Amino acid sequence: MRKGCESNGIRHGCSVGEKPGAVALSHKPTTVEDLPAFSVIIDARSPAEYALDHIPGAINCPVLDDEERRVVGTTYVQVSAFEARKMGAAMVARNIAHHLDTQFRGQPREWRPLVYCWRGGMRSGSFVNVMRMVGWDAQQLQGGYKAWRAHVVQQLAQRAPQLCLKVLCGPTGSAKTQVLRAMERQGQQVLDLEALAVHRGSVLGDIPGQPQPSQKAFETALMDHIARFDLARTVWVEAESRRIGKLTLPEPLHARLRESPVVEIAATLPARMAYLLRDYAWLGDDPQLLIDKLSGLSELLPKETLAQWRTWAQQHELAPLLESLLLRHYDPLYARSQGRHLERLEQAQRVDTDDLSPEGIDALAQRIASLH
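In this text, residue positions in the sequence shown follow the numbering used here: the first is 59, and each later residue adds one.
Some hints could be false.
To be verified - Calculated cross-link-like contacts (lysine-lysine; reagent style DSBU-like; alpha-carbon spacing at most 30 Å):
hint	residue 1	residue 2
1	224	144
2	361	351
3	274	304
As the list claims (entries may be wrong) - Pair by pair, the computed Cβ-Cβ distance ranges are:
hint	residue 1	residue 2	range
4	421	338	21 to 31 Å
5	429	167	53 to 63 Å
6	389	89	18 to 28 Å
7	179	324	53 to 63 Å
8	155	86	19 to 29 Å
9	94	365	52 to 62 Å
10	313	147	24 to 34 Å
11	306	267	41 to 51 Å
12	338	306	16 to 26 Å
13	306	397	53 to 63 Å
14	353	324	53 to 63 Å
15	118	424	14 to 24 Å
16	349	91	49 to 59 Å
Worth flagging that the hints you see were computed from the coordinates, not collected in a lab.
Note that the structure is a prediction, hence the values are computed from the model and not measured.
Even glycine gets a Cβ: it sits at the ideal position worked out from N, Cα and C.
Please model the entire structure based on the sequences and the hints provided.
Now the structure itself:
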């Protein structure tokens with residue numbers, strides 16, 4: 059580094075191989091509100107930290123991978139802070155060099171990266187220092203991921219009570235989720251909680267091959283989605299209890315959902331059965347998986363009922379199983395629980411249908427959207 063460059067970031071106009079004054083680099087505290095001003099957002103944390111949650115759109119360029127982070131942490135505890143820093147510095151230098159040689163090799167001088175780590179400390183600071191030496195106007199997110207997380211919590215608390223929600227409810231098999239998606243295709247604002255939670259909200263709600271996100275990632279996705287809504291327009295949402303699979307709705311959103319106006323789909327049993335047999339057909343392919351899911355109801359239903367369901371599952375008899383599941387479990391549960399979850403259920407607008415085919419769902423979505 060040429061004389062006149064400071065060790066904790068490059069002084070204005072001081073970059074590798076360039077004359078003083080050639081590049082005007084800014085260096086001010088960068089906050090979450092500044093994110094849209096950057097060309098790219100770089101998450102310098104380990105892959106495991108990134109997978110747990112990250113700023114939407116951020117790319118993961120770790121300065122320490124999961125194993126390196128573990129080794130450095132162990133050395134810090136078992137040997138000394140000095141040895142850990144020395145070892146970590148070498149790893150960080152190699153990893154930053156790799157990112158510069160590969161992913162960022164073709165970036166122009168005008169490229170503006172924003173880098174963050176856990177709390178805006180050494181990991182992102184090291185990355186930013188090297189990038190500024192190159193000549194890029196790189197910045198470090200003040201407070202790091204912890205600042206982002208505080209922003210998510212604050213935004214959910216602030217915006218959720220402002221949402222003009224209308225809640226779509228109906229017994230299991232009423233195609234509520236598909237109706238909402240049809241409404242979204244037709245131009246309505248929709249908050250699809252089950253899509254964000256990667257779960258259908260019932261004992262059979264796991265989606266094959268798609269694990270649910272972490273609670274923090276779920277809340278980040280919620281906040282990002284809600285931030286896009288026009289608060290002057292209606293937002294349609296499906297009735298949900300406090301939990302969707304293993305995830306929990308943030309209290310401000312759950313409270314707003316409970317107090318909002320309700321539209322209830324009243325579909326006939328044959329229509330619901332036809333829809334479920336089409337939508338849950340995959341359950342018949344793996345009898346043991348279905349049996350395992352049904353075992354979660356062992357404390358709620360008679361042993362004889364569960365034994366019959368297991369037999370039907372083993373024989374790939376999905377139709378009688380689903381009909382019995384509706385009549386013996388889901389419908390009674392719906393009758394008991396909706397009044398607790400929805401304060402305005404008694405004033406719900408009711409929409410009747412005997413057709414939950416794809417065409418029937420599109421028509422139903424239009425009817426619901428036209429309600430006043």
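We went through each hint and held it up to the structure:
| no. | hint | result |
| --- | --- | --- |
| 1 | 224 <-> 144 | violated (57 Å) |
| 2 | 361 <-> 351 | holds (15 Å) |
| 3 | 274 <-> 304 | holds (12 Å) |
| 4 | 421 <-> 338: 21 to 31 Å | holds (22 Å) |
| 5 | 429 <-> 167: 53 to 63 Å | holds (56 Å) |
| 6 | 389 <-> 89: 18 to 28 Å | violated (50 Å) |
| 7 | 179 <-> 324: 53 to 63 Å | holds (57 Å) |
| 8 | 155 <-> 86: 19 to 29 Å | holds (27 Å) |
| 9 | 94 <-> 365: 52 to 62 Å | holds (58 Å) |
| 10 | 313 <-> 147: 24 to 34 Å | violated (48 Å) |
| 11 | 306 <-> 267: 41 to 51 Å | violated (23 Å) |
| 12 | 338 <-> 306: 16 to 26 Å | holds (25 Å) |
| 13 | 306 <-> 397: 53 to 63 Å | violated (21 Å) |
| 14 | 353 <-> 324: 53 to 63 Å | violated (31 Å) |
| 15 | 118 <-> 424: 14 to 24 Å | violated (42 Å) |
| 16 | 349 <-> 91: 49 to 59 Å | holds (51 Å) |
Violated hints, listed in ascending order, are 1, 6, 10, 11, 13, 14, 15; each of the other numbered hints is respected by the structure.
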